[in-house]
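*Asks:* Take 1 as the starting number for the sequence shown in the working numbering and just add one per residue.
It cannot be assumed that every hint is accurate.
Said to hold, decoys possible - Here are the simulated PhoX-like cross-link-like pairs (lysine-lysine), alpha carbons at most 20 Å apart as the crow flies:
| # | residue 1 | residue 2 |
| --- | --- | --- |
| 1 | LYS37 | LYS79 |
| 2 | LYS299 | LYS313 |
| 3 | LYS172 | LYS313 |
| 4 | LYS76 | LYS37 |
| 5 | LYS231 | LYS209 |
| 6 | LYS144 | LYS332 |
| 7 | LYS271 | LYS291 |
| 8 | LYS76 | LYS86 |
| 9 | LYS299 | LYS173 |
| 10 | LYS62 | LYS129 |
Stated by the list, open to error - Using C-beta positions, here's what the derived DEER-type ranges look like:
| # | residue 1 | residue 2 | range |
| --- | --- | --- | --- |
| 11 | PHE70 | HIS200 | 52 to 62 Å |
| 12 | MET339 | LYS164 | 22 to 32 Å |
| 13 | TYR270 | GLN234 | 27 to 37 Å |
| 14 | PHE65 | LYS285 | 44 to 54 Å |
| 15 | GLU51 | PRO267 | 36 to 46 Å |
| 16 | ASN26 | LYS144 | 24 to 34 Å |
| 17 | HIS146 | GLU224 | 37 to 47 Å |
| 18 | SER83 | LYS144 | 35 to 45 Å |
| 19 | MET339 | LYS313 | 37 to 47 Å |
| 20 | LYS209 | MET71 | 30 to 40 Å |
| 21 | LYS166 | ASP213 | 30 to 40 Å |
| 22 | PHE70 | GLU315 | 46 to 56 Å |
| 23 | ASN323 | PHE68 | 45 to 55 Å |
If you are wondering where the hints come from, they were derived from the structure by calculation, not from laboratory data. The beta-carbon is built from N, C-alpha and C at its ideal position, and this holds for glycine as well.
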Amino acid sequence: MRVVISGGGTGGHLFPALTIALYLKNKGYDVLYIGAKRRIEEKVVPKCGIEFMAIDVIGLGKSIFDKFKFMTKQVKAIKEIKSILKEFKPNVVVGWGGYASFATLTAANMLKIPTIIHEQNAVMGRANKLLTYKADKVLTCFPKVHAKEIVVGNPRASEAFKLKMKPRNRIKKVLLVMGSQGSSTVNKIISDYLDIRNNHYLVSIICGKGHIDIYKGANLDGVELIEFTNKSLQLFAESDLVVTRGGATTLAELSALGKPLIIIPSPYVYKNHQYYNALYYKKNKAAIILKEDDLTSEKLRESIEEIINFNFKRELMSNNSENCAFVDANEKILRIIDMYI
1 MRVVISGGGT GGHLFPALTI ALYLKNKGYD VLYIGAKRRI EEKVVPKCGI EFMAIDVIGL
61 GKSIFDKFKF MTKQVKAIKE IKSILKEFKP NVVVGWGGYA SFATLTAANM LKIPTIIHEQ
121 NAVMGRANKL LTYKADKVLT CFPKVHAKEI VVGNPRASEA FKLKMKPRNR IKKVLLVMGS
181 QGSSTVNKII SDYLDIRNNH YLVSIICGKG HIDIYKGANL DGVELIEFTN KSLQLFAESD
241 LVVTRGGATT LAELSALGKP LIIIPSPYVY KNHQYYNALY YKKNKAAIIL KEDDLTSEKL
301 RESIEEIINF NFKRELMSNN SENCAFVDAN EKILRIIDMY I
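Throw the hints in and build the complete structure from the sequences for me.
*Replies:* In structure tokens form, the structure reads like this:
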């Protein structure tokens, strides 16, 4: 029972892939993870006890030279991966997006090894879109992403659900999450919001690396300010309302925990996919969407307090959020992988 997992470049690709890799390993499968050199997966995966192979690939870039360099490295990587696959002899290769995944699944296709694609976002990524034509299965987290999709959800939802807490009688808490890199624009708006908010609820802010100075001079009474944390799931679980970007993996985790959502999609991502991720939760009445372009501190305050102050609305959104989650994603993906064992 041998499975190759490939994907990374960003946490949104890496952590769902790593979750399923660990799940398979715990079930007795031999797992090999193929990722990119100098990217997040090279640091994280080996520490988790998963066999890891790093290949030299880069992003597509914009200039003709960048594109030529991309293709040159892809050709070399595919040749290297073919040798790795011939030695490892996997039953199936599962790709999670990113340029290492593109090279890995291309090599697998050339060797006639079955391939599975998992797309985390509501809009298919570049690498996955090119690979769908030869993929044996296309797994998604959202409906209507691809014609031959099987909607299975995000493995991170299965992990998050383990931390789900029963409602407690205590002061309500709002968590604002700006991701690991943060956003200067949105953090400045949050800083201004702290000066006009009601203080009958607690606030925690994960502002992102390099953005903590924005909050100098802000009203931090009853506020927990965090630059970066490895314990985000615990903070998610302890919160009553979460304001977040529209990353698919974060939304899947929050949904599994039944959290009402205020989503501020990043407008700087490929094909505006964070907006379309957010739209799924809005259509299911689990979230409201605030666009960064016309966001103000007053709009943010009104949106937060019309949810945190009204138990009925908050609980209704919470139930709707949980209904959006696929907390059995790991089991669904395992059953599909087992078709090729």
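*Asks:* Hint by hint, say whether it matches the structure.
*Replies:* Against the structure, the hints:
no., hint, verdict
1, LYS37 with LYS79, "16 Å, holds"
2, LYS299 with LYS313, "18 Å, holds"
3, LYS172 with LYS313, "14 Å, holds"
4, LYS76 with LYS37, "14 Å, holds"
5, LYS231 with LYS209, "15 Å, holds"
6, LYS144 with LYS332, "18 Å, holds"
7, LYS271 with LYS291, "15 Å, holds"
8, LYS76 with LYS86, "16 Å, holds"
9, LYS299 with LYS173, "19 Å, holds"
10, LYS62 with LYS129, "19 Å, holds"
11, PHE70 with HIS200: 52 to 62 Å, "53 Å, holds"
12, MET339 with LYS164: 22 to 32 Å, "30 Å, holds"
13, TYR270 with GLN234: 27 to 37 Å, "30 Å, holds"
14, PHE65 with LYS285: 44 to 54 Å, "48 Å, holds"
15, GLU51 with PRO267: 36 to 46 Å, "39 Å, holds"
16, ASN26 with LYS144: 24 to 34 Å, "33 Å, holds"
17, HIS146 with GLU224: 37 to 47 Å, "40 Å, holds"
18, SER83 with LYS144: 35 to 45 Å, "38 Å, holds"
19, MET339 with LYS313: 37 to 47 Å, "43 Å, holds"
20, LYS209 with MET71: 30 to 40 Å, "33 Å, holds"
21, LYS166 with ASP213: 30 to 40 Å, "38 Å, holds"
22, PHE70 with GLU315: 46 to 56 Å, "49 Å, holds"
23, ASN323 with PHE68: 45 to 55 Å, "48 Å, holds"
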